[in-house]
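Colleague: So you can see what is in the structure, the chains are spelled out below.
There are 2 protein chains.
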Amino acid sequence: MLIFTEQELKQYVKLNLEAITTVEDGFTKLANNEVKMPPIMRVDVQDQNGEVDVKTAYVKGKDMFAIKVSSGFFNNYNLGLPSGNGLMILISTQTGIPQALLLDNGYLTEVRTAAAGAIAAKYLSRNNIGTAGVIGAGSQARFQIRALKLVRDFKKILVFARSANRAKKYAEEMEDEIGIEVQVAESAEQVVRNSDLVITTTPANKPIIKAEWLHPGLHITAMGSDAEHKQEIEAEVLARADKLVCDSIAQCAQLGELHHALDSGVLTKNSFITEIGQLTSKELIGRENEEQITVCDLTGTGVQDTAIALFAYNEMVKRNLGLKVENKTLSLKN
Amino acid sequence: MLIFTEQELKQYVKLNLEAITTVEDGFTKLANNEVKMPPIMRVDVQDQNGEVDVKTAYVKGKDMFAIKVSSGFFNNYNLGLPSGNGLMILISTQTGIPQALLLDNGYLTEVRTAAAGAIAAKYLSRNNIGTAGVIGAGSQARFQIRALKLVRDFKKILVFARSANRAKKYAEEMEDEIGIEVQVAESAEQVVRNSDLVITTTPANKPIIKAEWLHPGLHITAMGSDAEHKQEIEAEVLARADKLVCDSIAQCAQLGELHHALDSGVLTKNSFITEIGQLTSKELIGRENEEQITVCDLTGTGVQDTAIALFAYNEMVKRNLGLKVENKTLSLKN
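Taken in order, these protein sequences are the chains called A and B.
Position in the first sequence (from 1) plus 78 gives the number in the numbering used here.
Position in the second sequence (from 1) plus 78 gives the number in the numbering used here.
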């Protein structure tokens with residue numbers, strides 16, 4: 079068994095076009111029924127405002143699949159620790175024997191989540207974007223913009239976060255990193271009204287984005303909600319969208335924005351909803367014109383985890399990296 | 079994070095009375111509603127006759143809980159490999175950060191499964207056992223007898239397995255190890271008719287034990303069935319039992335012997351069924367007299383995994399064992 083640490087994974091597994099293509103291929107296989115993806119397992123640790131998720135997917139024809147454990151403990155900032163954590167296990171599809179541990183502390187989840195955002199933008203946003211808006215100023219708000227930059231050119235970023243300080247820090251750091259203007263907005267409304275594409279990246283429990291702010295040509299990717307109680311956009315936003323796309327309809331109906339739209343009755347099980355894999359597989363098309371309003375609801379799927387874990391494994395193995403653990407011996411390969 | 083290998087876990091984590099008490103305490107907490115145990119996650123890899131299960135349980139008041147990944151790939155014998163494999167992850171209940179990896183290749187599962195068998199015997203079998211019967215001659219058939227020996231004295235073991243060679247090997251090896259007579263039976267019927275306690279340890283897909291073989295005073299522990307399609311004992315056996323006990327009624331109703339009894343209608347959701355934690359917590363009593371026929375249906379629960387993983391962790395840490403992996407460095411503690 080090979081063990082890879084966060085540091086080396088961060089060094090060699092990059093959020094690049096290849097990573098995006100890998101995740102895209104996973105979605106296509108999901109749409110083509112080549113993936114077995116059981117429901118998410120979740121453990122809530124309410125005393126600590128914490129949750130642990132387990133996600134997995136077996137992709138036909140691959141020699142390994144991932145089981146990912148990821149945690150979100152939202153009081154961790156009191157201890158000076160990040161809220162997110164976790165690791166991935168790669169298991170042989172031939173023997174069931176664990177082949178590798180990716181001790182990424184959540185890094186690969188950031189990458190595959192951002193990749194899904196880029197895929198959503200590629201199929202659903204206008205080709206020409208002036209301003210990209212982002213709500214939330216945490217780590218994923220950074221990754222989403224990095225991924226978006228790989229598939230769309232844009233001139234300006236508008237950011238809003240509850241903490242003005244965090245938004246300011248985000249603007250400074252991302253302006254340096256991306257090399258385009260990043261402006262702190264005064265409200266979520268200002269972001270939505272003035273952007274061609276908006277990404278929401280918060281753990282919000284009630285809607286931040288209102289339907290009355292929508293405008294022709296807007297694309298929204300909502301990636302924050304991945305639990306029953308989370309919601310970033312009003313249910314009415316989904317109802318008003320010309321095209322509504324989910325990473326997994328089954329998951330979004332339980333854990334995503336779609337869940338609230340179904341609950342409130344503005345959408346029903348018979349509403350026309352697309353899965354992202356139907357776009358990547360070319361079964362259906364995404365944006366059809368400059369005027370459509372499109373929404374993508376991302377809850378995070380096991381097939382993304384298997385895709386990114388295999389991608390990471392290959393990047394590491396071809397460099398002969400990792401700690402080798404045998405039953406009886408421990409040895410550093412490097 | 080600390081990493082422990084199979085070799086050191088086998089060396090220092092023993093199937094002893096303390097391990098049994100630890101698992102018993104887990105069942106008690108489950109009965110007392112101090113445990114959150116989500117349903118098992120399962121991935122089937124049908125091409126390879128394989129399955130991977132993920133089990134977990136959060137036990138209130140403990141500083142860590144386990145997520146266990148275990149695989150069963152039943153064509154592995156063609157490759158000269160054991161069918162079972164897996165590992166456990168211990169996660170902090172304060173921060174969600176993984177604290178330890180137990181690369182036990184299924185060893186700790188063997189221990190906690192056998193511990194549950196011993197607990198079932200302790201509460202449900204006669205105090206005085208002449209002959210203990212075992213059906214199946216694999217690894218768990220050995221562990222079950224070792225665990226039973228810790229809670230019951232018996233004079234003789236009767237073993238039956240489909241492969242006469244494996245049964246013979248079992249008899250020779252266990253006679254050496256346990257120091258009492260081990261006789262190979264000619265049939266499952268011979269085992270059941272001539273034993274006071276029978277343990278079934280097979281991956282059978284159709285019943286091996288018939289109701290007509292039951293006799294007063296008999297206790298049966300069926301630990302093989304942990305999937306919808308598995309069944310070791312006729313549904314009628316459960317219906318005829320004076321006392322039917324499950325490790326988890328919810329799990330057994332889906333994956334255990336109980337599942338088939340409910341399906342066939344010999345039992346219903348209103349039938350009186352006990353959970354093992356109701357015995358260990360003293361809420362209910364087990365065997366009441368020498369004549370009762372008792373059956374225990376074990377599917378294997380996440381709370382056993384958390385219990386044994388914490389037990390193992392403590393055994394290892396007090397000896398200062400393990401490989402320490404930090405984000406940026408790898409170092410052997412010993």
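If you're looking for bench data, these hints aren't it; they were derived computationally from the structure.
Don't take every hint at face value.
Repeated chains share a single entry, so a pair holds when one copy, or any two copies, can fit it.
As the list claims (entries may be wrong) - Within a straight-line C-alpha distance of at most 30 Å, the following computed DSSO-like cross-link-like pairs (lysine-lysine) qualify:
1) 246 to 396
2) 284 to 92
3) 138 to 288
4) 200 to 246
5) 92 to 402
6) 233 to 140
Since this is a predicted model, take the numbers as computed values, not measurements.
Colleague: If a hint holds in the structure, say so; if it does not, say that too.
Modeller: Here is what the structure says about each hint:
1. 246 to 396: neither (40 Å within a copy, 48 Å between copies)
2. 284 to 92: Neither, since 33 Å and 50 Å both go past 30 Å.
3. 138 to 288: Answer is neither; intra-copy 41 Å and inter-copy 40 Å both fail.
4. 200 to 246: Result: close within a single copy only, 28 Å intra versus 64 Å inter.
5. 92 to 402: This pair counts as both: shortest intra-copy Cα distance 23 Å, inter-copy 26 Å.
6. 233 to 140: Neither, since 40 Å and 51 Å both go past 30 Å.
Hint check: violations occur at hints 1, 2, 3 and 6; the rest are consistent with the structure.
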